[in-house]
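Which chain is which? The protein sequence lines are A and B, in order.
Position 13 of the first sequence, counting from 1, maps to 13 under the working numbering, and the rest follow consecutively.
Position 300 of the second sequence, counting from 1, maps to 300 under the working numbering, and the rest follow consecutively.
Note that these hints are calculated values from the structure, not bench results.
A few of these clues could be false.
Stated by the list, open to error - Below, a list of computed lysine-lysine pairs in the BS3-like style, where the Cα atoms sit at most 30 Å apart:
id : chain 1 : residue 1 : chain 2 : residue 2
1  : B       : K295      : B       : K247
2  : B       : K298      : B       : K246
3  : A       : K148      : B       : K468
4  : B       : K140      : B       : K152
5  : A       : K225      : B       : K468
6  : B       : K246      : B       : K295
Claimed, not checked - Quick list of the computed label-pair ranges, beta carbon to beta carbon:
id : chain 1 : residue 1 : chain 2 : residue 2 : range
7  : A       : A115      : B       : H405      : 40 to 50 Å
8  : A       : I45       : B       : R329      : 53 to 63 Å
9  : A       : G21       : B       : D270      : 20 to 30 Å
10 : A       : T58       : B       : P15       : 33 to 43 Å
11 : B       : W137      : A       : T48       : 11 to 21 Å
12 : B       : R321      : A       : G21       : 23 to 33 Å
13 : B       : M216      : A       : T48       : 43 to 53 Å
14 : B       : E409      : A       : S217      : 33 to 43 Å
15 : B       : D407      : A       : A98       : 49 to 59 Å
16 : B       : D228      : A       : T15       : 23 to 33 Å
17 : B       : D407      : A       : A115      : 44 to 54 Å
18 : B       : I88       : A       : T15       : 35 to 45 Å
19 : B       : P15       : A       : T48       : 30 to 40 Å
20 : B       : R147      : A       : T15       : 43 to 53 Å
Said to hold, decoys possible - Some chain B residues near chain A, calculated using beta-carbon distances under 10 Å:
id : residue
21 : F207
22 : Q223
23 : I369
24 : G374
25 : Y429
26 : D452
We put the beta carbon where it would ideally sit given N, CA and C, even for glycine.
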Amino acid sequence: MSDPKKDEITGVESTGHSWDGIEELNNPLPRWWLWTLYLCIIWAIGYTIAYPAWPGITKATSGLLGYSTRGEVAEQIAVVEARNAPLINALTDIELAALPENDDLHRFAVAGGGAIFRTYCSQCHGSGAAGATGYPNLLDDDWLWGGKIDQIATTIRHGIRNDVDPDALWSQMPAFGDILEPAEINDVVQYVRAMSGQGHDAAAAEAGSEIFLEQCSACHGEDGKGNRDMGAPNLTDAIWLYGGSVETLTYTVTNSRFGVMPPWSNRLSEAEIKAVAAYVHQLGGGEE
Amino acid sequence: MSPQDSQPLYVSREPIFPRRVSGTFRRLKWWIMAITLGIYYLTPWIRWDRGPSLPDQAVLIDMANRRFYFFWIEIWPHEFYFVAGLLIMAGLGLFLFTSALGRVWCGYTCPQTVWTDLFILVERWIEGDRNARVRLWQSKWDLRKWRLRLTKWTVWLLISVATGGAWVFYFADAPTLMRNLVTFDAAFIAYSTIAILTATTFIFGGFMREQVCIYMCPWPRIQGAMMDEQTLTVGYREWRGEPRGKKHDNTTGDCIDCMACVNVCPMGIDIRDGQQMECITCALCIDACDDVMEKIGKPRGLIDYLALADEPREREGSLPRPIWQHVFRLRTIIYTVLWAAIGIGLVFALFIRSDIDMTVEAVRNPTYITLSDGTVRNVYNMRLRNMDSETRNFRMSLTSEEILHIDVEGADGNIISVAPDSTTQIRVYVSARPQDPASARDRTDLRFWVEDAAGESRAYRDSVFNGKVPQ
Numbered sequence: 001m002s003d004p005k006k007d008e009i010t011g012v013e014s015t016g017h018s019w020d021g022i023e024e025l026n027n028p029l030p031r032w033w034l035w036t037l038y039l040c041i042i043w044a045i046g047y048t049i050a051y052p053a054w055p056g057i058t059k060a061t062s063g064l065l066g067y068s069t070r071g072e073v074a075e076q077i078a079v080v081e082a083r084n085a086p087l088i089n090a091l092t093d094i095e096l097a098a099l100p101e102n103d104d105l106h107r108f109a110v111a112g113g114g115a116i117f118r119t120y121c122s123q124c125h126g127s128g129a130a131g132a133t134g135y136p137n138l139l140d141d142d143w144l145w146g147g148k149i150d151q152i153a154t155t156i157r158h159g160i161r162n163d164v165d166p167d168a169l170w171s172q173m174p175a176f177g178d179i180l181e182p183a184e185i186n187d188v189v190q191y192v193r194a195m196s197g198q199g200h201d202a203a204a205a206e207a208g209s210e211i212f213l214e215q216c217s218a219c220h221g222e223d224g225k226g227n228r229d230m231g232a233p234n235l236t237d238a239i240w241l242y243g244g245s246v247e248t249l250t251y252t253v254t255n256s257r258f259g260v261m262p263p264w265s266n267r268l269s270e271a272e273i274k275a276v277a278a279y280v281h282q283l284g285g286g287e288e
Numbered sequence: 001m002s003p004q005d006s007q008p009l010y011v012s013r014e015p016i017f018p019r020r021v022s023g024t025f026r027r028l029k030w031w032i033m034a035i036t037l038g039i040y041y042l043t044p045w046i047r048w049d050r051g052p053s054l055p056d057q058a059v060l061i062d063m064a065n066r067r068f069y070f071f072w073i074e075i076w077p078h079e080f081y082f083v084a085g086l087l088i089m090a091g092l093g094l095f096l097f098t099s100a101l102g103r104v105w106c107g108y109t110c111p112q113t114v115w116t117d118l119f120i121l122v123e124r125w126i127e128g129d130r131n132a133r134v135r136l137w138q139s140k141w142d143l144r145k146w147r148l149r150l151t152k153w154t155v156w157l158l159i160s161v162a163t164g165g166a167w168v169f170y171f172a173d174a175p176t177l178m179r180n181l182v183t184f185d186a187a188f189i190a191y192s193t194i195a196i197l198t199a200t201t202f203i204f205g206g207f208m209r210e211q212v213c214i215y216m217c218p219w220p221r222i223q224g225a226m227m228d229e230q231t232l233t234v235g236y237r238e239w240r241g242e243p244r245g246k247k248h249d250n251t252t253g254d255c256i257d258c259m260a261c262v263n264v265c266p267m268g269i270d271i272r273d274g275q276q277m278e279c280i281t282c283a284l285c286i287d288a289c290d291d292v293m294e295k296i297g298k299p300r301g302l303i304d305y306l307a308l309a310d311e312p313r314e315r316e317g318s319l320p321r322p323i324w325q326h327v328f329r330l331r332t333i334i335y336t337v338l339w340a341a342i343g344i345g346l347v348f349a350l351f352i353r354s355d356i357d358m359t360v361e362a363v364r365n366p367t368y369i370t371l372s373d374g375t376v377r378n379v380y381n382m383r384l385r386n387m388d389s390e391t392r393n394f395r396m397s398l399t400s401e402e403i404l405h406i407d408v409e410g411a412d413g414n415i416i417s418v419a420p421d422s423t424t425q426i427r428v429y430v431s432a433r434p435q436d437p438a439s440a441r442d443r444t445d446l447r448f449w450v451e452d453a454a455g456e457s458r459a460y461r462d463s464v465f466n467g468k469v470p471q
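So that you can see chain B by itself, here it is in the shape it has in the complex (with noise of 0.2 Å):
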């Protein structure tokens, strides 16, 4: 094998210039586009109050505090579970939608389309449609190009700005932090963090696009596992549109090979060569093709939403099944359930979690002391939790089949004040007498209550009180 006849070990980027395109799924992505990113950028201004000495910001994750945020919703650490449910949620809902639709995740939500789809649109106000941006591609350097790439450059480098921007104001108070980084009063972590996701959204969205979803994103080759042949892609009804032809040719296929799916496309690829990796169902192509097809009196859905299984049927001249068929599977369905299951049992757990918290860590070096007066004592550290906006006293009590005593360290009356959104630290003392069974028994179960004091809630702990056996 001579060097000239291998194939090169590197290849350069193909530049892609994704012509102009309207219709039906043109305008759910201009929606889809504006009301995603609608809600990254304006939801850390939203404001909501939650009273005195707390945040105002409808959304925030305050990480001095360890706190998150979320309109009603305050979690706490503690109850991280809340976001890890919604992360499996999440992973859930892109399988359901995988094994359904395909790659709809890719091809409308996910941020990098977003964003390309974004910077394209602003490549198009300024260089113009296709054929204008390959003109200047391949124009030298003059000063119409030079002024024309850095016009768009400069409005690129202001939307990557502001992504990078609405970021950090998920983390602190958005208009002091808007202030402060006006100012150069900010932390330097939030001026890094701007400067990485500006670096990240200017690169992957003006100049490596597709390449980022070919080659670094490890969604694509993860679909291919997800997908079967009942899935909903994008396709090329290659038994209608075989052989091209010219529009009036009788003998060839619908398709006239105008190249409008080919030119349309942000992948640069051509959906006729069948499902590729490269293809994240923007479908793109189905509205640039349907547009070609009514100029020439032809039916829509040379290309369209189509499902593999289907293909036998329309060689045949069937119609192809309809799509509810194609959705409502037993796969789908598995889904849909492990989704509303672990959605509800979410929503279950926020509303029935108490206002009360309360962990009780019994000391068990030593298990138990003796007093001069021959009283056997535990000790019981105790964490309480006060999750309202105001101090709240609670009552500590307890219950056992046995006599013990209960005593609150620095406690008159077992009462506990704790600060509003706050933890105290505090410690028990349960003792039995030397004449309570207790204090010879190995061990006693018992029950801690804790109790507000305005006796609007109250709650449980159970632990082991460990007496002297004698030897």
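So that you can see chain A by itself, here it is in the shape it has in the complex (with noise of 0.2 Å):
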């Protein structure tokens, strides 16, 4: 090698390089820059002593802190816990008519109630509980065992026609189908038509009226305005669980309707059922 070309104004050395007319010298590093790369390295040892660092076979080694990412969240999620326990304690103690009065609480049971709601009921109900075919949308006015707060939450707890929870809310339309010819049928169909304020056949709704009055009013009342004692559905109102058509109708008399809902007292404490019911009754059509 050569020697090296020295820059003429600073007298440093000079690597060669060149571009633009412009050259890169070699000029020396400050020392103390190399201080602070060697702090660097003993800072990293004893980072790597105090901390998780030095991957194992198994496990990493866990470092003299005995720190972990994991440790951390628990103590945080402990933290939480231990900050919001006289809340769930108070949620789980209240009488639910008077926790929409209990500002404080209520906001902190609906906003849990929220989360829950998403985690537990969404898949059913919809994450905005609308509902959909099948699944009642839980914002309107329109409730089939009761729209209180604390009717609400007997059927979480509880749920419906199912076989897990001898509370299961319960009631079984039959398939009328079997008792019913199809005319008939279509007679009674026409007439929830003419009741809920749809077109209809003004003949086979006068004929159904009678049929109604026979096989339905027991449930649905004579008025057709429903009854929630035993789930049954307001036939009036502009709102329907299965829809309100003609062919639809027409199924649902003919084989009637099942819909279950699990019971959540198995699987939620008495404070997150009450909170979810707080949830639901402030969705907007809550009753008081």
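Make the complex out of the two chains shown on their own, each in a separate frame, by following the hints.
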């Protein structure tokens, strides 16, 4: 290698690299810069001793400080749980009807209930609680088993038409395909359409009213407004769980429906059930 | 190439012992130091009455409550664009000053320069001027040297603690925090912040000094792109000074090679080598040289603020162009206009900002709800901010081409009460009866109005109502 070229002005060695006439000089680094490098190395060694670092066959070294990210999360969760414990106890003990009046506790319950709803309930009722065909919309003012906060809690606690909970809300509509002739079923369907203000065949509806009084009014009421004690829907309003068209109504009357909801008392705590009830109750249709 | 031929990979710092100097620029720097340090140390202690339940500190960054207070201005997090705007102004200001006057920021107002200057002042008071300090540096570590060094380091440390301490006062009520700091009741973060800033001030101001500028700071490298041949920087009139000689020798230039410019330089460079990366344009060499020139009866300005573009003229014996011609150029004017435009925009935004702030979020899961009587309902989540120091009542209403009904959840007469200095979240129901056209129309525009119940101010937000379209 030949003698390194010196830069004329500064007297510093040149690397010989030149771009557009600008030459790269080989200036020495400041020595403190080296010290900071050594300091970083020492720091790194200390760090790997103090904290989990070196990978082993089954697990990494755990470090002298015993730190773990999982442990930190668990700690934070414990802190939050400790902070929330009084609220959760209060929620467990409170009379549900009094919850909406208790501002702070209600806010806590609604926030927590929303999270529980999205975890356990949204699969059927939708993340926005708007339901789907066969799964009730929880945002409207129509309730099959009652829209007061404790009625909602009862429904959540025991579920509907399930064999798991003996206290489950239970009712069953007969399949009228075995009882009535297709023409009679059509008459009833036309009458139900008339009750809810939809287009219908007046003569058939007239005939259907007789059959309705005889066969349906025991549960749905003579005026067709339903009965919440047995979960019989109101047939006069604009809300249909399975649909209000002639086809769906004919199918419903012929074959019946059997909507099921599981009980949650075996999976959610008392406070959690109350929280979900509070959440559902305040969605816009809750009754006083 | 043998090992001894190659230069070392690493070099130690050459100690620098700047000599005392007096003159125009030194006086200017003293003033700037007093003002900038005064602002930094004293600002947190200025009180400003904002009424009850609000801090009375004039400048306060309240992290816990997410507020920034600056005298009569109160910035909320959603108004962070004010801070962004100020940062853009600071950037453009730096471009402007650098293109006009080179590294004036570095030379006069950079904290590194100001604190280093202060530390050198302390050093000179305790250990004496340049020659005494060089002798002390060379002397053995005897009792006297230990005494002087320890005294100096103690004073530096006190300044450093005060510097780190002043920083934390911007983030909490200063008198309270001061009491807590002294009684060891303050938060750990306060102590650790003070400790870190004390350490950096002590090390950067006392020991690293020019190393920070040369090796750590990116600005000296960026400045190359900011400056041009019209920029005024500190330079040496080499055509007047060279060749260097004796005072009474008429065959030589004006420079008598007295080294005054080198001895006063805090960066340890020789300005006569030309413009260089290390130069922070503190202009102390100008003061030093002017002093010498006056003593030997030569004109001042051998070292001076110069523009490279003037060099050919001056070599021909003409006078340099006047300063204003260097400063007022298209480039600096563009920077100034941009800077001022953003500044005016921010001031404008500050004055037109409403003291009601409202956001509307239409709930779109689901887009609408059918009620049992066939009414179609949309839900909107709304946030109302009251930036006042008193509880205010707001009346909600809506306007639309179609008939729509508004109902604010839990509010009688659609009147919402918002506590002082806080935000309230409310749910608003808008509904269309089955006979109203909006109930069966895909989209109906509507405008929410919120009005101070006292009738002082109002604001609006536009949104859309979704109906149930017949299939």
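Hints, verified against the model:
Taken as a hint, the B:K295 and B:K247 pair is honoured in the structure, with Cα atoms around 10 Å apart against an allowance of 30 Å. For the proposed pair B:K298 and B:K246, the alpha carbon gap of about 12 Å is at most 30 Å, so the pair holds. At roughly 27 Å between alpha-carbon atoms, A:K148 and B:K468 fall within 30 Å of each other, so this suggested pair holds. Between B:K140 and B:K152 the CA atoms are separated by roughly 17 Å; this keeps the pair inside 30 Å, and the hint holds.
Proximity of A:K225 to B:K468 is assessed by CA-CA distance (about 24 Å); at most 30 Å being required, the pair is judged to hold. Taking the CA atoms of B:K246 and B:K295, the gap is near 13 Å; set against the 30 Å cutoff, the hint holds. A hinted range of 40 to 50 Å is violated for the C-beta pair A:A115 and B:H405, which are about 32 Å apart. At roughly 55 Å, the beta carbons of A:I45 and B:R329 sit within the given window of 53 to 63 Å.
Hint check: A:G21 to B:D270, Cβ distance near 25 Å, so the stated range 20 to 30 Å holds. Checking the proposed 33 to 43 Å range against A:T58 and B:P15 shows it is violated: the Cβ atoms sit about 55 Å from each other. Taking 11 to 21 Å as the suggested C-beta distance range, the pair B:W137 and A:T48 does not conform, at roughly 40 Å. Distance hint check for B:R321 and A:G21: the Cβ-Cβ separation is about 29 Å, which falls inside the suggested range of 23 to 33 Å.
Hint check: B:M216 to A:T48, Cβ distance near 27 Å, so the stated range 43 to 53 Å is violated. A beta carbon spacing of about 37 Å between B:E409 and A:S217 agrees with the range 33 to 43 Å that was offered as a hint. A beta carbon spacing of about 25 Å between B:D407 and A:A98 contradicts the range 49 to 59 Å that was offered as a hint. Between B:D228 and A:T15 the Cβ separation comes to about 28 Å, which falls inside the hinted range of 23 to 33 Å.
A hinted range of 44 to 54 Å for the beta carbons of B:D407 and A:A115 is inconsistent with their spacing of about 27 Å. A hinted range of 35 to 45 Å holds for the C-beta pair B:I88 and A:T15, which are about 38 Å apart. Judged by the Cβ atoms, the range 30 to 40 Å given for B:P15 and A:T48 holds: they are separated by roughly 37 Å. Taking 43 to 53 Å as the suggested C-beta distance range, the pair B:R147 and A:T15 conforms, at roughly 47 Å.
Against a cut-off of 10 Å between C-beta atoms, the interface hint on B:F207 holds, since the closest Cβ of chain A lies about 9 Å away. Among the interface hints, the one on B:Q223 is violated; its C-beta lies about 16 Å from the nearest C-beta in chain A, farther than the 10 Å criterion. Interface hint at B:I369: satisfied, since its Cβ lies 5 Å from the closest Cβ of chain A, which is below the 10 Å cut-off. Here the hint on B:G374 is kept, as its CB sits about 4 Å from the closest CB of chain A, short of 10 Å.
Taking 10 Å as the C-beta cut-off, the interface hint given for B:Y429 holds, the closest approach to chain A being about 7 Å. Interface restraint check for B:D452: the shortest CB-CB distance to chain A comes to about 24 Å, outside 10 Å, so the restraint is violated.
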